[in-house]
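Residue numbers (the working numbering), protein chains in the order written: chain G, 180 to 462; chain A, 38 to 361.
Please note that a few of the clues may not be correct.
In the DSS-like style, the derived pairs of lysine-lysine whose C-alpha atoms are separated by at most 25 angstroms in a straight line are [unchecked claim]: (1) G:Lys449 to G:Lys434; (2) G:Lys449 to A:Lys249; (3) A:Lys322 to G:Lys295; (4) G:Lys332 to G:Lys358; (5) A:Lys274 to A:Lys200; (6) A:Lys46 to A:Lys249; (7) G:Lys295 to G:Lys231; (8) A:Lys160 to A:Lys228; (9) G:Lys449 to A:Lys274.
Hints listed in this document are in silico derivations from the structure and should not be mistaken for laboratory results.
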Amino acid sequence: MDYLISGLQVGLIYVLLSFGIFLIYRTTRILNFAHGDIATLGTFIALTLHQKTENLLISVVVGAFCSGVVSMLFYRFIIYEGERRGVNPLGLTIITIAFAYILQSFEIVIWGAEPKDFPSLAYGRFFIFPAQFVVILLVSLFLMLGMYFITMKTNFGIQIRAISQNREASATLGISVKKVVSFVWFIASFIGAIAGSLIAPLYFVDQFFLFDPFVKSFIGAVVGGLDNPFGVVIGSIIVGLAENIFGGYISIKFKTAFVFFIALVFLLIKPEGLLGREIKERV
Amino acid sequence: MIKKTVRMKTDYLDDYRLIADLPALVFFALVTVVFISIPFLFSELWLSVITHIALYSIAVLGQNLLIGYTGLISFGQAGFLAIGAYTFAHSVHILGFIPSIFISGLIASVFGVIVGFPSLRLKGPYLAIATLGFSVVVFQVLQNTPAISGGRMGLSVPSFGSKAEIFYLVLAFCYLFYIAGYKIVKSSIGKSFSAIRDSEVAAETLGINIVKMKLLSFAISSFYTGVAGALYAIYMKYLEPNMFFITESILMFSAIVIGGIGSVLGSILGSIFVIAVPQFFVGMKELVPIIFGIVIVLVVMFEPLGLYGRWIKIKLYFMNLPFR
Numbered sequence: 180m181d182y183l184i185s186g187l188q189v190g191l192i193y194v195l196l197s198f199g200i201f202l203i204y205r206t207t208r209i210l211n212f213a214h215g216d217i218a219t220l221g222t223f224i225a226l227t228l229h230q231k232t233e234n235l236l237i238s239v240v241v242g243a244f245c246s247g248v249v250s251m252l253f254y255r256f257i258i259y260e261g262e263r264r265g266v267n268p269l270g271l272t273i274i275t276i277a278f279a280y281i282l283q284s285f286e287i288v289i290w291g292a293e294p295k296d297f298p299s300l301a302y303g304r305f306f307i308f309p310a311q312f313v314v315i316l317l318v319s320l321f322l323m324l325g326m327y328f329i330t331m332k333t334n335f336g337i338q339i340r341a342i343s344q345n346r347e348a349s350a351t352l353g354i355s356v357k358k359v360v361s362f363v364w365f366i367a368s369f370i371g372a373i374a375g376s377l378i379a380p381l382y383f384v385d386q387f388f389l390f391d392p393f394v395k396s397f398i399g400a401v402v403g404g405l406d407n408p409f410g411v412v413i414g415s416i417i418v419g420l421a422e423n424i425f426g427g428y429i430s431i432k433f434k435t436a437f438v439f440f441i442a443l444v445f446l447l448i449k450p451e452g453l454l455g456r457e458i459k460e461r462v
Numbered sequence: 038m039i040k041k042t043v044r045m046k047t048d049y050l051d052d053y054r055l056i057a058d059l060p061a062l063v064f065f066a067l068v069t070v071v072f073i074s075i076p077f078l079f080s081e082l083w084l085s086v087i088t089h090i091a092l093y094s095i096a097v098l099g100q101n102l103l104i105g106y107t108g109l110i111s112f113g114q115a116g117f118l119a120i121g122a123y124t125f126a127h128s129v130h131i132l133g134f135i136p137s138i139f140i141s142g143l144i145a146s147v148f149g150v151i152v153g154f155p156s157l158r159l160k161g162p163y164l165a166i167a168t169l170g171f172s173v174v175v176f177q178v179l180q181n182t183p184a185i186s187g188g189r190m191g192l193s194v195p196s197f198g199s200k201a202e203i204f205y206l207v208l209a210f211c212y213l214f215y216i217a218g219y220k221i222v223k224s225s226i227g228k229s230f231s232a233i234r235d236s237e238v239a240a241e242t243l244g245i246n247i248v249k250m251k252l253l254s255f256a257i258s259s260f261y262t263g264v265a266g267a268l269y270a271i272y273m274k275y276l277e278p279n280m281f282f283i284t285e286s287i288l289m290f291s292a293i294v295i296g297g298i299g300s301v302l303g304s305i306l307g308s309i310f311v312i313a314v315p316q317f318f319v320g321m322k323e324l325v326p327i328i329f330g331i332v333i334v335l336v337v338m339f340e341p342l343g344l345y346g347r348w349i350k351i352k353l354y355f356m357n358l359p360f361r
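My request is simple: use the sequences and hints to build the entire structure.
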């Protein structure tokens, strides 16, 4: 039962992280390897603000906002310029790896390399559940429903979906691709940084602490299928549960290895992901 | 008066030949003499840095064959390096130095073929994740099995000789593997690799056996990386799992990108950059990744062929110097 709860808790965090990866992948066809590091930056800012102001809620939101802005600027001034110069998606992915590099050492320079404690939003237990789990559950449900509402019901969501289907066509129809995609990057990193702040009490915060969750949420997205939002959610929860149940009952040392193993099995059976559609290649 | 222009290649064999004419032979001989005299020219510290560059460039060339020529994005480098190094450290007591270097290359390439099987169905980012997983698995196995990794104290490797002797050993392997790499790239195997990179479906319609070629690419590249791992074990004289963390894969990947994706000479340039630049920033180690990151961004944006592309442009500029 405890493993189930901790698995679900981690799985929900993976959902939040992988949703950002998914949003960025759908609109720009780039895998954002800097996603975890931008979120880490937001977590660090939240930590510093908390030490200054003692108000955790506001500092988490402000930290998330800052990392959203960083990610938006990164898209606008580096990725967008690269796209304009005709750099292919692989090159842009390499740029995000480089940006992750830069952010990591930037964080070391500013905050130092030693791990730090991050305060929890809620302590104690709520009925039989740990309070942190309830917070994570509520926040992620709220964010997911919000995202569903935005993408499905608003004008802005229609623009996002149009761009993810055909970028050139939506540009000719008068959608400002630059603005919409910048805002998508903002949302992705905003959600990512909130996920970082939520998972931070379970780990110690240093510049690499989101690397492991990032990779696993990435696996979750791939297992579920990178072109279906419901697939991303289900895949991430599967990864979280599988990892924690394996870690609890069989061997905690090899749980990361086990996650990659299931990912490999899933991908070999269904390369496009659980709920993904098959991609046909044309020459 | 007409300046002597570039000698055109009229034959397929012309392209395949490493030393085409007399000036090239002279240049080749000169470079060899310079390399052989390196231990007499540089201090101990720089000698060991150059040795590191040389052995690293073998691994980078191998991964460049996979990533640059076949177009399979892989982050398994750290895993293959670790497999090569640990195989060497365990087999050197039984087999001696030179045979166990080749054995570690072979074991690594067996693992390369195993990892290569998913590559038949996965592409792009999916393959990157699968191979990243391979690196993580190797790392965790090493960390959690003291029988292989020698436990908390690390695993020590018997000494090969003085620094100069190690350098000559690495240099010999470098020559061997670079000439072999050049021949692979220019032969029909290398051409099929690039065909697969450019379009898999088109390559298949031209009669290229995709399964065979992809597995071959994985086998060759991990053989290179395994040998580099063995040389790394000789160079470091002891091993611990932390030397083969995933960051090692990313470092090698950035060496490929900076040096030039899909170029043999670029592999050397990239490894020079990645190994030598941190030496100038000993006092501020945190800044090194920032510099790497900025350089990678600039390279991808402005010079997609990397340092090698820059080198070709400079060469062309000097070839028709009075006219431009």
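Hints and how they fare:
no.	hint	in the structure
1	G:Lys449 to G:Lys434	holds, 22 angstroms
2	G:Lys449 to A:Lys249	holds, 22 angstroms
3	A:Lys322 to G:Lys295	holds, 21 angstroms
4	G:Lys332 to G:Lys358	holds, 19 angstroms
5	A:Lys274 to A:Lys200	holds, 11 angstroms
6	A:Lys46 to A:Lys249	violated, 30 angstroms
7	G:Lys295 to G:Lys231	holds, 15 angstroms
8	A:Lys160 to A:Lys228	holds, 20 angstroms
9	G:Lys449 to A:Lys274	violated, 44 angstroms
Consistency note: the structure conflicts with the earlier hints numbered 6 and 9.
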